[in-house]
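Chains as they are written, first to last, in the working numbering: chain A, 1 to 229; chain B, 1 to 407.
It is worth saying that the hints were derived from the structure and are not from the lab. Warning: the hint list may mix true and false statements.
[What the hints assert, rightly or not] Facing chain B, according to a computed beta carbon distance under 8 Å, are these residues of chain A, among others: (1) Leu54; (2) Glu55; (3) Asp59; (4) Ala82; (5) Leu87; (6) Leu89; (7) Tyr93; (8) Gly97; (9) Leu98; (10) Glu102; (11) Arg109; (12) Leu110; (13) Gly111; (14) Thr158; (15) Lys161.
[Said to hold, decoys possible] Residues on chain A that point at chain B, a partial pick, calculated with CB under 8 Å: (16) Ser45; (17) Asn49; (18) Phe95; (19) Ser96; (20) Pro107; (21) Arg112; (22) Arg114.
Glycine included, each C-beta is placed from N, C-alpha and C at the ideal position.
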Amino acid sequence: MSDLTLSSVKLCYAGLADPVLDISKLRLDAGSHIAITGASGSGKSSLVNIISGLERASDGKVLWDDVDLCTLSETARERWRAANIGLVLQDFYLFSGLSALENVLLPVRLGRVRFRVEHRKRAEHLLKRVGLARADQPVQTMSRGEMQRVAVARALVTKPKILIADEPTASLDEASGLAVGDLLIELAREEAATLLVVSHDAQLVSRMERRIRLSRGKITETATPEYAA
Amino acid sequence: MIRFIVADLKRLWAGSLVIVLLVACAAALGIAVTLQERALRLGSARAADAFDLVVAAPGSETQIVLASVFLQPSALPLVSGSVLHTLSQDPRVAWAAPVGFGDFYGQIPIVGTTSDLVLQGGKKTLTDGRMFSKRTEAVIGAKVEMALGDIVTPMHGLAHEGGHVHADATYTVVGRAAETGSPWDKAILVPIEGVWHVHGMEGAHGLNLDPHHGEQNETVSIGEPWTADTPGVPAIIVKPKSIGDAYRLRQEYRTASTTAIFPAEVLTRLYATLGDARALLSAVAIGSQILVGAAIALVAVIHVGQKRSQIAALRAFGAPRTSLFIIVWSQLLILTTLGAALGMGLGYAIARLISHLLKAESGVTMPVAFIGSDMRMVIGLIVAASLLALGPAALACRQSVAGALRR
Ligand SMILES: Nc1ncnc2c1ncn2[C@@H]1O[C@H](COP(=O)(O)OP(=O)(O)O)[C@@H](O)[C@H]1O
Ligand SMILES: [Mg+2]
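Construct all of the structure, not just a fragment, from the sequences and the given hints.
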């Protein structure tokens, strides 16, 4: 199990005087459940983008064991992300015309690892686990709640060490949001994955072990203060 | 992966259709121009096949070919009847037939000649009826919409050009000639004596002893022998016995009072001078293909642009850039190949249609067919399109994932 440590991480954009993200120290323990909150534009998505390797920090270190994500090439970060990160986004990004199962398997099918029967078995298992009985149902015929559950299954199909959900319940009704929140927490525990949830959903946030609040790119509050500097 | 590529194309079917149609139009244009130009060249060369050597009064060679082979109305000066006489006596000549134009029946040209030309010296047979044997009989071309027994009243010149009717001379259709693929299929063939008669030119020819000039005389004999007093004709079609004879005859009949030409040669020269027009036409075709290529590139960029967030999402979920490059590129390749195939069919259909219309108009059969170099052109188009598609495909993979997902 690997912890993730950010130190002196800055994300700057050309033309902006202040960095969008400015974090002096942040440690995410393996297997912990963390909520990230903050106003819109406070840098929540920027933070998860840096952790998932989608964006490279302008400065600082993002350490995973002794690997610094900031020093990896685009391709190496791509591989690292494919192997270690499972992502759930506010807009589900499911591909209509394909079934739920095909959508869950798409990252594997397009990826570098050879597709094996185990992948299919795992995908079918995950779909059952998130409560979808019909693996062959075309996704465009599903409700939004069901779609997000397919997305959760997809995020977990490669057994990621870190499950990141960026506002996973923001475009769902309350009941569906609750169900998806439950699934994220339960599945992260079952899979022994670190769970990182960006959310405004007080109900979901309150169920996390640790809460980090961002304001203008800086950590202003955390439920376990010893981690923040 | 293949399932995804196809499902993705289906989802964006409108954009896909636009690309396919654009490529199809570009390919169709190029192919139609190429096929049509070749068909025109082949068709007119074949139409000239039956006309080995044409002897006429000195004048424009092109005009002589247009008048004698393609039956275009034009006032050729006459060549003396004695030339016809000498040619028909020449041992190097298989047959020599006069042709006389100027009369019409409605829009249909009436051509005065002899059975030698109609039957190609016995090589061809009629498909219906019999050969004309009297001055008042006619054989119709294969594509003339008339029946045996119909009466033809000649008119001098085309009606809308102020022609006048020769009410005193009529012909009865007695036979139908075999198809030649030339404008002669749409003409009425009559004995040359009929044309002379209508124009009051009988002179001392034949055994025309009829004192009442201008009246129907059915007893006059037609065809050879010609004499030195035979009336003049616009052109004489000569079938030499050998190729050597053909060249010698052409040499001999290039005099102050006659000219001799090979229509096939004149056509070749005509195409050589038309070469510039052809080059222009293919330049237009290539230019339009470049324009369409640019349009395709634009559509491809838009296509990729619409999928920006989708592509970014796939990368975020762990798909490598190479996969996405292959997906976008193969999609564009599928679309252009489909378009090229469709365009080939479309171009062929257009060329066939134009050939059909031209044939209906002129009677010249224009064979539309693909040859090896056409395939090269289509393959070239596909290769060019696949190279063009590399740009948008690379673009799709270079974008910032975080930026595309944020929107
Ligand atoms: N490519 C960019 N160029 C300039 N500014 C950007 C860019 N991307 C994001 N930002 C800015 O960074 C800030 C943080 O964005 P984000 O992390 O998406 O916020 P959140 O997810 O908390 O709403 C915002 O103010 C946004 O305008
Ligand atoms: Mg955000």
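### Message
Under the constraints set out in the numbered hints, which ones does this structure not fulfil?
### Response
3, 15, 22
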